[in-house]
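Participant: Sequence:
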Amino acid sequence: MKITAVETIQLPAHPRHIWVMVHTDEGITGIGEATDKVELTKTAVHNFCAEIILGQNPLQNEKLWAMMYDSANYTGYMGAEMRAMGAVDMALWDIKGKAAGMPVYDILGGKTQDSLRIYNTCISYGNIRDRERFMEDAGELAEDLLKNGIKAMKIWPLDALSTKYNGQYVTREDIRKGLAPFKKIRDAVGDKMEIALECHSRWNMPMAVRVAEELEQYDPMWFEDPIPVDNISCFASLRKKTKLPILASERLATKYQFRELFEKDACDIAMFDVSYCGGITECKKIAAMADAYHLPVTTHNCGSPVMTMVVAHLMISCPNTNGIETVRALYKTFDITDNGVDIRDGHIYLSDRPGFGISLKDEVLNAKDTVRTVTKEARHDQMFAVTGDPWAQSPGDDKAGVIMPE
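Going by this note's numbering, the sequence shown runs without a break in its numbering and finishes at 600.
One should not assume that every hint holds.
Straight-line distance between alpha carbons at most 30 Å, and here's what the computed BS3-like set of lysine-lysine pairs gives [what the hints assert, rightly or not]:
| # | residue 1 | residue 2 |
| --- | --- | --- |
| 1 | K231 | K257 |
| 2 | K196 | K570 |
| 3 | K231 | K434 |
| 4 | K479 | K305 |
| 5 | K555 | K570 |
| 6 | K449 | K478 |
| 7 | K196 | K478 |
| 8 | K378 | K437 |
| 9 | K196 | K437 |
| 10 | K257 | K196 |
| 11 | K526 | K378 |
| 12 | K386 | K341 |
| 13 | K437 | K371 |
| 14 | K341 | K305 |
| 15 | K449 | K479 |
| 16 | K479 | K458 |
| 17 | K196 | K479 |
| 18 | K305 | K257 |
| 19 | K341 | K378 |
| 20 | K458 | K435 |
| 21 | K358 | K371 |
| 22 | K305 | K555 |
| 23 | K371 | K386 |
| 24 | K358 | K305 |
| 25 | K478 | K458 |
| 26 | K526 | K257 |
| 27 | K386 | K434 |
| 28 | K562 | K231 |
| 29 | K478 | K257 |
| 30 | K358 | K231 |
| 31 | K371 | K341 |
| 32 | K449 | K371 |
These aren't lab readings, by the way, just hints derived from the structure by calculation.
Please work from the sequences and hints to get the whole structure.
Facilitator: Given below as structure tokens:
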């Protein structure tokens, strides 16, 4: 089996998402997804990943991941290249599952749980306005989530407080006012709802400690990325200054950055983004590293139903997973896939369909406003992939690049 084409799919209705399809000479196609800064990711998919994987065996996940990583690392491996690698790697695992006639979770070692616990990140999208609801009446939102079987939620009511002084100062009074949604949730439903605080790395160390001290009374599920994660030693120091469980971090990429997080005992829960970290191939290793430190893992996931299924297949195969992030405003409003996401009673259930068991609908792929970009021929020879040296061939050796279908 060989890879014959790499395709990206963009839907005007969902501009922050991009889907990647990898095609083979045996008619098997795999799908992956990336989010945010999609034009940069698209360029990396076609001008970086495609020129490395075209003509290669899609079942050789480890080899292809290493080739892409070695090439990206020539100029720094984080960012668009890593997101592109992540989406491509997902598609390769989808191909592997379909070729074997097995769900991806079985290829990865099988289910470690019958289903996965979910939490709802309260984003607003379409007609589901969970962000406004947690800011206006978080207690009512919590009651609604519980009625739908969801027993854990994530909110970020303090972000606006960080803007006035760039996260360098905030009064205790303002923190208490900002944490009003936590109080409303506890008053409405007590401990029936788990609540996580997302901080988006908004605070310096002293203010993060101050926020933690005010937050402790609400017994949150975790305290997520309160300070920038560019200094792991600071995370380790913060963990000693608070009783709250520290979660880190969707902003780290690859096992190399997570290694330091674990070695410095800097978190209680590890979170990675399957796209940002380069896909399933790398995230399975990060989860195993965390397990060696007896740490649970969860995932960052603000994707469509496709991404949610990718995440679920990976995480259900990891023995130390404590659940996954989902966004009901996304999986309920993206009517783009042949199969939906099976979420019941606060858990996600996976079928035994081959691969990820989910694809974009034909009518979505063939819609007039869908933007499909295909690369069928590598722009450089394989020396670039092997050495990571962009000057390994003479200028002018480029071949035909991106092909736009009519």
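Participant: Sort out whether K458 lies within 30 Å of K478, counting only the CA atoms.
Facilitator: It holds: about 21 Å lies between the C-alpha atoms, which stays within 30 Å.
Participant: Holds or violated: K196 and K570, Cα atoms, limit 30 Å.
Facilitator: Status holds; Cα separation ~12 Å.
Participant: For K358 and K371, compute the direct alpha-carbon distance and say whether it is at most 30 Å.
Facilitator: At roughly 16 Å apart (the allowed maximum being 30 Å), K371 and K358 satisfy the hint.
Participant: If you draw a straight line from the CA of K562 to the CA of K231, is it 30 Å or shorter?
Facilitator: holds (23 Å)
Participant: If you draw a straight line from the CA of K555 to the CA of K570, is it 30 Å or shorter?
Facilitator: Holds, at roughly 22 Å.
Participant: Within a Cα-Cα threshold of 30 Å, do K358 and K231 meet the stated pairing?
Facilitator: holds (26 Å)
Participant: Take the C-alpha atoms of K479 and K458, compute the straight-line distance between them, and say whether it is at most 30 Å.
Facilitator: It holds: about 18 Å lies between the C-alpha atoms, which stays within 30 Å.
Participant: CA of K458 to CA of K435, is that 30 Å or under?
Facilitator: Roughly 15 Å between the alpha carbons, so the hint for K458 and K435 holds.
Participant: Can the restraint linking K478 and K257 be considered satisfied, given a maximum Cα separation of 30 Å?
Facilitator: The given pair, whose Cα atoms are some 15 Å apart, holds under the 30 Å limit.
Participant: Verify the proposed pairing of K231 with K257, using a straight-line Cα cut of 30 Å.
Facilitator: Cα-Cα ~27 Å, so holds.
Participant: Quickly compare the C-alpha distance for K305 and K555 to 30 Å and report which way the hint goes.
Facilitator: With Cα atoms ~27 Å apart, K305 and K555 stay inside 30 Å; holds.
Participant: Given the hint that K437 pairs with K371, does the C-alpha gap stay at or below 30 Å?
Facilitator: holds (21 Å)
In this structure, the earlier hints numbered 3, 9, 24, 26, 32 are contradicted, and the remaining ones agree with it.
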